[in-house]
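Undergrad: One letter stands for each residue in the lines below.
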Amino acid sequence: MIYQIQFDSPENRLLILESHSPIYAPKRYRNEFGQFLESSPYCERDLKLPTFMAPKEEKGAFTIKIKKEGLLHEVVYATHPFDVVGWDGYLFPYAFNIHNFEPITGRIHQPPPVHQTFEGRNFVVCSFCPRLYDYHPQAVPAPYNHSNIDSDEVLYYVEGDFMSRNDIDQGYITLHPGGIPHGPHPGRWKGALGKKVRKSLR
Amino acid sequence: MPLYHKLGKIPQKRHTTFEKASGGYYYEQLFGTEGFSGMSSLLYHMHRPTQISAIGESMDIRPKVAVQHNIEPRKLVGFRLPPEHDFLDSRKVMLLNNDLSIALAAPLSSMEEYFYKNADADEMIFVHKGSGVLKTLMGEISFEYGDYLIIPRE
Numbered sequence: 001m002i003y004q005i006q007f008d009s010p011e012n013r014l015l016i017l018e019s020h021s022p023i024y025a026p027k028r029y030r031n032e033f034g035q036f037l038e039s040s041p042y043c044e045r046d047l048k049l050p051t052f053m054a055p056k057e058e059k060g061a062f063t064i065k066i067k068k069e070g071l072l073h074e075v076v077y078a079t080h081p082f083d084v085v086g087w088d089g090y091l092f093p094y095a096f097n098i099h100n101f102e103p104i105t106g107r108i109h110q111p112p113p114v115h116q117t118f119e120g121r122n123f124v125v126c127s128f129c130p131r132l133y134d135y136h137p138q139a140v141p142a143p144y145n146h147s148n149i150d151s152d153e154v155l156y157y158v159e160g161d162f163m164s165r166n167d168i169d170q171g172y173i174t175l176h177p178g179g180i181p182h183g184p185h186p187g188r189w190k191g192a193l194g195k196k197v198r199k200s201l202r
Numbered sequence: 001m002p003l004y005h006k007l008g009k010i011p012q013k014r015h016t017t018f019e020k021a022s023g024g025y026y027y028e029q030l031f032g033t034e035g036f037s038g039m040s041s042l043l044y045h046m047h048r049p050t051q052i053s054a055i056g057e058s059m060d061i062r063p064k065v066a067v068q069h070n071i072e073p074r075k076l077v078g079f080r081l082p083p084e085h086d087f088l089d090s091r092k093v094m095l096l097n098n099d100l101s102i103a104l105a106a107p108l109s110s111m112e113e114y115f116y117k118n119a120d121a122d123e124m125i126f127v128h129k130g131s132g133v134l135k136t137l138m139g140e141i142s143f144e145y146g147d148y149l150i151i152p153r154e
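Top line first, the protein sequences correspond to chains V and P. Position one of the first sequence corresponds to residue 1 (the numbering used here), numbered consecutively onward. Position one of the second sequence corresponds to residue 1 (the numbering used here), numbered consecutively onward.
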């Protein structure tokens, strides 16, 4: 999709994932017609769709930098690329705000897939949003130690007090390689007992 | 997205003539990322979208891998990444494998001199700080803190 990105100020911090397969809303959130299910943590109304932009009827020299096979090519076109008068279909850029993700909670700790937001081939993207902690009287709200053999785990820390870690701040990334168990830092497991609300965003 | 959307003017029936009021025809383009079987859209251009007038320089931007076959749990301090003016230059790949790459970016300036498209990969841009507008040939999306922008490859 040909684009230009405009910022309101120089203060920008972005996390950018590039996937060699399409990034979709998880199939298990959708029915056979593609509609989001009642049990999905977000649905159609939560999506921000593109709005109409008046087409540009301009001729000249318009450079499109095209990334292909790891190279960036400069290709010059004779007409303005944003000359579309209309379109319809199912494939288009869109946005989804993480604050519209409705977390699924339980009496005891829910597994990470309840936080899934997108999927691609061989990976998922999850949003760990502010939510009520597990409410069984003896629930352990901190995540249990775990390891996966089929995936590395990467966490990106957005906002708040990061319960399971002592040494984390906004914008940090932690990498947990597959096959190596990981879990809450010492003290954080016990400190989480009896807590009611999780305020951080990852 | 498993969702039908429509913007602007389109002809009543696909793959039929669509005349401009000023004379001549609009040019149809099918946009899809998975052959002719995945999701797609039909776009109508004022000009043929194929008019290449020159091909300029090519630059190798493949990231150089610092650590191969990593087994060590790691922590990266993302906000230490220095800001850069150009959006594409500002993107620094932190982690990658055969399926995806994860980059951080702190761009200072809007993209004005050129347009960009990724023919390699779908992009997911998570906006941690900042706001603005994503302009595409299918319309514009204003974004703010907390938005995931999903941009299909083409």
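In short, the hints are calculated from the structure, not lab data. Some hints could be false.
[What the hints assert, rightly or not] PhoX-like mimics (lysine-lysine), calculated; alpha carbons at most 25 Å apart, straight line:
| hint | chain 1 | residue 1 | chain 2 | residue 2 |
| --- | --- | --- | --- | --- |
| 1 | P | Lys20 | V | Lys67 |
| 2 | P | Lys20 | V | Lys48 |
| 3 | P | Lys20 | P | Lys9 |
| 4 | P | Lys9 | V | Lys56 |
| 5 | P | Lys75 | P | Lys9 |
| 6 | V | Lys190 | P | Lys75 |
Undergrad: For each hint, tell me whether it holds in the structure or not.
TA: Evaluated hints:
no., hint, verdict
1, Lys20/P to Lys67/V, "33 Å, violated"
2, Lys20/P to Lys48/V, "30 Å, violated"
3, Lys20/P to Lys9/P, "11 Å, holds"
4, Lys9/P to Lys56/V, "14 Å, holds"
5, Lys75/P to Lys9/P, "50 Å, violated"
6, Lys190/V to Lys75/P, "23 Å, holds"
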